[in-house]
Amino acid sequence: MESAADLWHLFVRLVRANLRMPVFVIISIVQPVLWVLLFGQLFRRITALQGFGAASYVQFLAPGIAIMTALFGAAYSGMGMLADIDRGVLDRLLATPVARGALLAARILYSAAQVAVQAAIILLVSAAIGARPHGGAGGVALVLMVAALLGAAFAAVSNALALLTRRQELVIAVMNFIVLPSTFLSSMMMSGNLMPAWIRSAALFNPVNWAVVAARGSFEGDWQMLPRNLGLLAAFTLAAAWLATLSFDRYRRAG
Amino acid sequence: METTPAIEVRDLRKTYAGGVVALDGVSFAVAPGEVFALLGPNGAGKSSTVRILATLSAPSAGTAFVGGIDVAARPREVRLRIGYVAQASGVDLTATGRENLTLQGQLYRLPAAALRTRVGELLELFELRGAADRAAITYSGGMKRRLDVAMGLVHRPEVLFLDEPTTGLDPESRTVMWEEVRGLARQGLTLLLTTHYLEEADQLAQRLAILDRGRVVAEGTPEALKAKLRGDRVSVELADRGQVAAAREVLGGLDEVAAVLVDGTTLYAQVAHSASALPSLLAALDRAGLAVAQVALSRPSLDDVYLDATGHAYRSEGAGESRPAAGGGGRGGERGGRGGPKAPSAPSGPSAPGEPGAGGAG
Numbered sequence: 001m002e003s004a005a006d007l008w009h010l011f012v013r014l015v016r017a018n019l020r021m022p023v024f025v026i027i028s029i030v031q032p033v034l035w036v037l038l039f040g041q042l043f044r045r046i047t048a049l050q051g052f053g054a055a056s057y058v059q060f061l062a063p064g065i066a067i068m069t070a071l072f073g074a075a076y077s078g079m080g081m082l083a084d085i086d087r088g089v090l091d092r093l094l095a096t097p098v099a100r101g102a103l104l105a106a107r108i109l110y111s112a113a114q115v116a117v118q119a120a121i122i123l124l125v126s127a128a129i130g131a132r133p134h135g136g137a138g139g140v141a142l143v144l145m146v147a148a149l150l151g152a153a154f155a156a157v158s159n160a161l162a163l164l165t166r167r168q169e170l171v172i173a174v175m176n177f178i179v180l181p182s183t184f185l186s187s188m189m190m191s192g193n194l195m196p197a198w199i200r201s202a203a204l205f206n207p208v209n210w211a212v213v214a215a216r217g218s219f220e221g222d223w224q225m226l227p228r229n230l231g232l233l234a235a236f237t238l239a240a241a242w243l244a245t246l247s248f249d250r251y252r253r254a255g
Numbered sequence: 001m002e003t004t005p006a007i008e009v010r011d012l013r014k015t016y017a018g019g020v021v022a023l024d025g026v027s028f029a030v031a032p033g034e035v036f037a038l039l040g041p042n043g044a045g046k047s048s049t050v051r052i053l054a055t056l057s058a059p060s061a062g063t064a065f066v067g068g069i070d071v072a073a074r075p076r077e078v079r080l081r082i083g084y085v086a087q088a089s090g091v092d093l094t095a096t097g098r099e100n101l102t103l104q105g106q107l108y109r110l111p112a113a114a115l116r117t118r119v120g121e122l123l124e125l126f127e128l129r130g131a132a133d134r135a136a137i138t139y140s141g142g143m144k145r146r147l148d149v150a151m152g153l154v155h156r157p158e159v160l161f162l163d164e165p166t167t168g169l170d171p172e173s174r175t176v177m178w179e180e181v182r183g184l185a186r187q188g189l190t191l192l193l194t195t196h197y198l199e200e201a202d203q204l205a206q207r208l209a210i211l212d213r214g215r216v217v218a219e220g221t222p223e224a225l226k227a228k229l230r231g232d233r234v235s236v237e238l239a240d241r242g243q244v245a246a247a248r249e250v251l252g253g254l255d256e257v258a259a260v261l262v263d264g265t266t267l268y269a270q271v272a273h274s275a276s277a278l279p280s281l282l283a284a285l286d287r288a289g290l291a292v293a294q295v296a297l298s299r300p301s302l303d304d305v306y307l308d309a310t311g312h313a314y315r316s317e318g319a320g321e322s323r324p325a326a327g328g329g330g331r332g333g334e335r336g337g338r339g340g341p342k343a344p345s346a347p348s349g350p351s352a353p354g355e356p357g358a359g360g361a362g
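If you read the protein sequences in the order shown, they are chains A and B.
Heads up: the first sequence begins at 1 in the working numbering, then just goes up one per residue.
Heads up: the second sequence begins at 1 in the working numbering, then just goes up one per residue.
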């Protein structure tokens, strides 16, 4: 109970800090919407390719951009942890009886919540320009959950990096190195049917692709691929959270 | 009288990764309600000691107790009893003063209504009421530091750790902070403060320990430490570095001089009465053909205590032992030539006009 209360108070702190930066709020809403509109227009005629297998590109793109936003939104979560370390905030919190795990969990939870909200906005905008959630309300809820899971996983990886290296530059460099390749080694923007065989194979081992496939299946109401990809994604998220926990323990022991 | 000390550390040792030794066997005890200062230059081991007591760092060897509770074995119980105000602040700059205080109280699981009252009290006490609902990033250095201390007090701890509470503050804010500290002491709080200002330790602490390179080199009340030196001190700065050894011999041979310490080109002679001893000291040096650049007399101050205990004059910049990245363990003494060491009661700028005992390091 006390841990849950700690988690809530720390979560509220992070929400409040970001709501106080109107520019941040506006950008985090406008940017994914721009992606939907921009990519939707740019690649509009891609569905004409034989074998693409989607009615409209916006229909295809909407769940993909929801996942992309989750990835980009959570990948730099570790920077906040570093700021707390540098300003002495983390030490100050560690000197209180706060549940240790809540300090890390609050950041991961915050990222998950943030990207879920962004994903919801993306689906709304996409619906306004013609995308239809054939998976119904349950499907939409699943898309948001998948986005939150991927967000949590990347937030955990990012925090682990931050705690292990304690260097902003390294967090940025490593996450940049991961984010774009894992975006393009997935069916986020391009139908799996039309990928080169090696990318299709690589995508099978890409957590971002698991999320894209799970989200798209939920959005389309095509449940066949869901259990496997959702299961793999959940396992990946757990592994990332475990890694972050170990890094946090290591950080505290090094004190 | 057998009371449990509020704080007790026994033979504390801390070696950081990379082999940097921060603490090399530190022991001291602080009685309940006492104001105790750890005095020493940066890198002497002050913060390392406090971090261990605040459960943030595990000692490599030795034990630490707060209220009789072993810090390493039962950290949760210790955390409930202590307030920790770190050198690196710890204020969340994006949050307001009130929010910072409230979060702190929530993490100590104070009931909501009691917490609201307590936060209001602290805002009042630390003169932050007017700024309570502004983001802390807009606060001045002094306000931020006061918020820092207030945050350490939300849960009414028995023991408060203040790590360098006035470092970086302007003189006016420093005076305000000293008053706050004295006020807390009057309320019976046990205070462990670290400082590299001799004057601060002298002003605030009932007892103090001087740390040097991870060891306690002197401990006691400021008065007792000064009294132990017996008599006055004459410091003689020579014009020629090559004559130091000769001058030491000359001064050491005089009946009036109890002891001579050397730091760089300055010799410190311990005498019963400086005014009466001075003529014969100068005459002896003159006879030996040794040129004197500067002479100063002083009553014993903490500077002298420090010099006596460590063998070198006090400089607030130390060897950087607490920062593994800094590498080399070169003593502060090597940099003495350039900036001019803050020798005891040498007429060092405007900080100590006509009041030799005040010390002006920093």
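I should point out that these hints are in silico values taken from the structure, not numbers from a laboratory.
Ideal Cβ positions, reconstructed from N, Cα and C, are used throughout, including at glycine.
Take the hints with a grain of salt, since some may be wrong.
[Unchecked claim] Beta-carbon label-pair distances, calculated as ranges:
{"hint": "1", "chain 1": "A", "residue 1": "Val25", "chain 2": "B", "residue 2": "Asp11", "range": "17 to 25 Å"}
{"hint": "2", "chain 1": "B", "residue 1": "Thr175", "chain 2": "A", "residue 2": "Trp8", "range": "39 to 47 Å"}
{"hint": "3", "chain 1": "A", "residue 1": "Ile26", "chain 2": "B", "residue 2": "Glu121", "range": "36 to 44 Å"}
{"hint": "4", "chain 1": "B", "residue 1": "Thr138", "chain 2": "A", "residue 2": "Arg100", "range": "43 to 51 Å"}
{"hint": "5", "chain 1": "B", "residue 1": "Thr138", "chain 2": "A", "residue 2": "Phe184", "range": "42 to 50 Å"}
{"hint": "6", "chain 1": "A", "residue 1": "Arg167", "chain 2": "B", "residue 2": "Val262", "range": "53 to 61 Å"}
{"hint": "7", "chain 1": "A", "residue 1": "Arg250", "chain 2": "B", "residue 2": "Gly19", "range": "12 to 20 Å"}
{"hint": "8", "chain 1": "B", "residue 1": "Ser140", "chain 2": "A", "residue 2": "Ala99", "range": "30 to 38 Å"}
Hint by hint, here is what the structure shows:
1. Val25(A) to Asp11(B): 17 to 25 Å: 54 Å, violated
2. Thr175(B) to Trp8(A): 39 to 47 Å: The hint (39 to 47 Å, Cβ to Cβ) holds, given that Thr175(B) and Trp8(A) are roughly 41 Å apart.
3. Ile26(A) to Glu121(B): 36 to 44 Å: The hinted range 36 to 44 Å holds for Ile26(A) and Glu121(B), with Cβ atoms some 38 Å apart.
4. Thr138(B) to Arg100(A): 43 to 51 Å: Distance hint for Thr138(B), Arg100(A) is violated at roughly 31 Å.
5. Thr138(B) to Phe184(A): 42 to 50 Å: 44 Å, holds
6. Arg167(A) to Val262(B): 53 to 61 Å: For Arg167(A) and Val262(B) the Cβ distance comes to about 44 Å; the hint is violated.
7. Arg250(A) to Gly19(B): 12 to 20 Å: 19 Å, holds
8. Ser140(B) to Ala99(A): 30 to 38 Å: Check passed, 34 Å falls within 30 to 38 Å.
Checked against the numbered hints above, the structure breaks hints 1, 4 and 6 and satisfies the rest.
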